[in-house]
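Peer 1: Start from chain A and add chain B according to the hints.
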Amino acid sequence: MSEKGTDRVKRGMAEMQKGGVIMDVVNAEQAKIAEAAGATAVMALERVPSDIRKEGGVARMADPRITEEVMNAVSIPVMAKARIGHITEARVLEAMGVDYIDESEVLTPADEEFHLLKNDYTVPFVCGCRNIGEAARRIGEGASMLRTKGEPGTGNIVEAVRHLRQVNAEVRNIVAMGEDELMTAARDLGASYEFLKEVKLLGRLPVVNFAAGGIATPADAALMMELGADGVFVGSGIFKSDQPERFARAIVEATAHYQDYALIAKLSKDLGPAMKGLEMATIGAADRMQERGW
Amino acid sequence: MKIGVLALQGAVREHVLAIQACGAEAVVVKNDGQLAELDGLVLPGGESTAMRRLIDRAELMEPLREFADSGKPMFGTCAGLVLLAKEIEGQEAAHLGVMDMTVARNSFGRQVDSFEADLDIVGIDAPFPAVFIRAPHIVRAGADVEVLCEYEGRIVLARSGPFLGCSFHPELTGDHRLMQLFLDMVENRELLPTEAHYSKI
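Respectively, the protein sequence lines represent chains A and B. Residue 215 in the numbering used here is what sits at position 215 of the first sequence, and the numbering runs on without skipping anything. Residue 137 in the numbering used here is what sits at position 137 of the second sequence, and the numbering runs on without skipping anything.
Hints may contain errors.
[What the hints assert, rightly or not] So the derived label-pair ranges between C-beta atoms look like this:
no. : chain 1 : residue 1 : chain 2 : residue 2 : range
1   : B       : G23       : A       : R246      : 42 to 50 angstroms
2   : A       : S75       : B       : L191      : 54 to 62 angstroms
3   : A       : Q166      : B       : R189      : 27 to 35 angstroms
4   : A       : Q259      : B       : E62       : 22 to 30 angstroms
5   : A       : A176      : B       : R177      : 18 to 26 angstroms
6   : B       : V28       : A       : N27       : 33 to 41 angstroms
7   : B       : E66       : A       : D111      : 52 to 60 angstroms
8   : A       : M1        : B       : G142      : 43 to 51 angstroms
By construction, these hints were calculated from the structure, which means they are not laboratory data. Even glycine gets a Cβ: it sits at the ideal position worked out from N, Cα and C.
For reference, chain A alone in the conformation it holds in the complex (with noise of 0.2 angstroms):
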């Protein structure tokens, strides 16, 4: 007898995209790029973060012609968006076939007080953190893989860099800590005591954690995979550059080889100018996809 849809079928995929590039995409040929630079999977999406940022108006799942064109087009994984609390949008992604959904604060959240119960799907789905209690509750709702949030479509890391290090810096803590000191930790992060346990026994989170949101060179993936991201996600940094195939490939060789500087140096020679990128200052609090989600 088989049986689908389990935890580990669907934790096991994300854990096969470890060390990889996660490309967003938003046609046939763009995900073509992507799988010919060595990309794990492309996320199927109509808009990608900064177009989203620019253009303004509700950010919605991608018309399924685009992700049907993209699972066509390519023989790696597909991921497609839906937005926050969508359960009709998730359904419809789980229909057509996609092999991971992200429910994703880059879309306009759909519920502003509820997320998807994830553990009800045979597909899986990979959520936004930028600490432990939303890690602890993603995971809890069902999510089989995190990306730490950063800021979409802004070129800039610094908050990619905020996210992973927090998180990070509480599964170290949680793992020091005395199973005594747990309960009271479950209260003040939001996150479910049971979760702790299982965090302080393995010495990591139960799923695979990718970083994203601001990726916009090697450089910066490759600092991502320092600092323990376990794969990273890049939005706008590819399709936005000068040169996407060259800019593509870069990524996922510095991801690769994230500790080897000669070759980072090598890589980002003569790319061209990355994405122009967004400082966060200019950004005001409305407009900070990272609150969403809760």
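Peer 2: Just chain B, lined up with the frame of chain A:
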């Protein structure tokens, strides 16, 4: 005994833990200079297309083929199986191409079709728990390929000389018996059948 895990991308940590749990030394391999000291090499699960790009860019293809030619055992799981295969269905070129078989990629379907199942494996007490993730399977096994397990009529584990390959992910469960079988191949390398042996049959 030193066993390398090719660490360009994929489930490296899980194989390292399995190797250590079986009492051998694990080496995380990122460049060709590390191959010489190894007694065996694991090609982990991950994305085979991404791994291939990274193998090419790290100029590892020839060193890996030389490693295979030297008769030192290699164990490929999922993407690793695809890397070992002589032919890949629907693709013009193979990767390492050292094991005489044809492999079909993603042949059980997309992620929503990924599954867990118990297997009957030749030489291992049943059941053996297996996790299949967007898994490939062996559609043609050459004359010198010994089929060790089929699941619903599909070949999912096979051995040929120093090469062992499977569709599923033994590294994702706590059952290390398949890793032990590989380590036994490494330990008893001189007893493994060679091409010369098969040509006599």
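Peer 1: For each hint, tell me whether it holds in the structure or not.
Peer 2: Each hint tested on the structure:
1. B:G23 / A:R246: 42 to 50 angstroms: 45 angstroms, holds
2. A:S75 / B:L191: 54 to 62 angstroms: Since the Cβ atoms of A:S75 and B:L191 sit about 38 angstroms apart, the hinted range of 54 to 62 angstroms is violated.
3. A:Q166 / B:R189: 27 to 35 angstroms: At 48 angstroms between Cβs, range violated.
4. A:Q259 / B:E62: 22 to 30 angstroms: 24 angstroms, holds
5. A:A176 / B:R177: 18 to 26 angstroms: At 35 angstroms between Cβs, range violated.
6. B:V28 / A:N27: 33 to 41 angstroms: Cβ of B:V28 to Cβ of A:N27: about 37 angstroms, so the range 33 to 41 angstroms holds.
7. B:E66 / A:D111: 52 to 60 angstroms: Holds - the Cβ-Cβ distance for B:E66 and A:D111, about 57 angstroms, lies within 52 to 60 angstroms.
8. A:M1 / B:G142: 43 to 51 angstroms: Between A:M1 and B:G142, where Cβ atoms are some 31 angstroms apart, the hint is violated.
Taken one by one, the earlier hints fail for this structure at numbers 2, 3, 5 and 8, listed in ascending order.
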